[in-house]
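Per mature numbering (1 follows the signal peptide of the UniProt record, and there is no 0), the sequence shown runs over residues -26 to -1, 1 to 279.
What the hints contain is simulated information worked out from the structure, not anything from laboratory work. Quantities reported herein were computed from a predicted structural model and do not represent experimental measurements. Heads up, the beta-carbon is just placed ideally off N, CA and C, and yes, glycines get one too. The reader is advised that the hints may include incorrect statements.
DEER-style ranges, computed between Cβ atoms [to be verified]:
1) G61 <-> V165: 23 to 31 Å
2) P114 <-> T171: 22 to 30 Å
3) Q271 <-> D168: 28 to 36 Å
4) A76 <-> A226: 52 to 60 Å
5) D257 <-> Q202: 28 to 36 Å
6) T199 <-> A134: 41 to 49 Å
7) S59 <-> R169: 19 to 27 Å
8) A134 <-> T172: 26 to 34 Å
9) T259 <-> A134: 22 to 30 Å
10) A63 <-> G176: 27 to 35 Å
11) G121 <-> T241: 37 to 45 Å
12) G197 <-> T241: 40 to 48 Å
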Amino acid sequence: MRSPDLRTTAAAAATAALAVALTACGASGSGGHGAIRGAGGSGSPSAARAAKAAHPAAASAVVLRTVAANTRKAATAHVRMTMSSPGQAASVGFAGTMGWGARSGTDGAYTGIPAAPFQQPDGKVYARSSGLVFYYKLSPAAAAKSGKHWMKLDMAALAARSGASGLSSGLQNQVAQDPSADVAALATAGVIKDRGTTTLDGRTVHEYSGDVPASRLVAARPGLTPAQRRAELKALTGAGLTSTSVDVWVNADHYPVKLDQTVHGSTALRIVATFDHYGTALDTTPPPASDTIDANQQPAAGSGA
C-alpha cells in the first residue's frame, strides 16, 4: 500500500492512542475485584488501617500511599477511559487492557479517532502497543487493498526520522512511568479532602480528592533522573499545565476503582477512568511480520513517492 497519506494518518491515530496511554500512566486508576485483591507488607490494607488509627491526621495520605503501592505492584488492569475538553463535543475513549512500568502497553479498542484506514464496521479502532510501538488493525477496505491486516507504527523511529529524537525519549520516559504516580502525588498534595464512603457499581468505596501542582506530579514519577524531572516540568509548564484536580474512589482492598481528573492549563482536559481486574494478562505480541505494513517505511505526505 503506497498511499502517500497513510503514514500521516497512522501517526495521527497513534498520537491519540498515545495520549490515552500517557493519561493512564499519569492516572493510575483502577479496579477492585480482579486478579490481585490485596498486597502484603507496607502496601496492605491492614497496614493502612493501623497507620490510620495511630495517626488520624495523616489517614488520607496513608491510604493513598497504600493505594499507590498496590497499583504499582499490580502492573496491569482492565480499563475504560474517556478524555474530553470543555466545549468540544467529540471525545476519545479506550476500553481494554493496560500495563504500566516495565509492562507498559495496551490492547483494546479506541473510539473517537478519525482514522478511516483503521476504522472497523463498528466504528472502533483496534490496536495494541508495547512502549512506543503501535499495531493497528486495518479496516476491511484497507486490508483488501494492501493484502495485509495490520499496520505497525514506531513513534520513536518516526520522531528520529523527523529530527525530533528528543521527543521520543521524553515520551518513552512517560510511557515507562508507574501509573500510580498521580495517586502518590495526591498523597503529598497538602490538602486532601476525605469525602467519605459511597456506592459505585454496587460496591462500597471511599472517595478522596485534591489539587496536585505540576511540580508534585513530576516529583511523584519514579525512575526519572533530576535532569529528566526538570525537563519534564519545563515541558509541562511550557504547555500551560499548572495543576490537576484528582478524585479517586478506593475499594476495601485499597485499589482505586475510578479516577476522575481535570488537567488545568491553557486548555482544560478531563479524564474519567474506571478499572478492574488488576494483574490481568496483557497480550502485546506483535502480529506476524508477513501480515503487517510498516508505516515508518511508507512515503510521507507530499513526498511525491
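Hint check against the structure, violated hint numbers in rising order: Violated hints: 2, 3, 4, 6, 8 and 12; rest satisfied.
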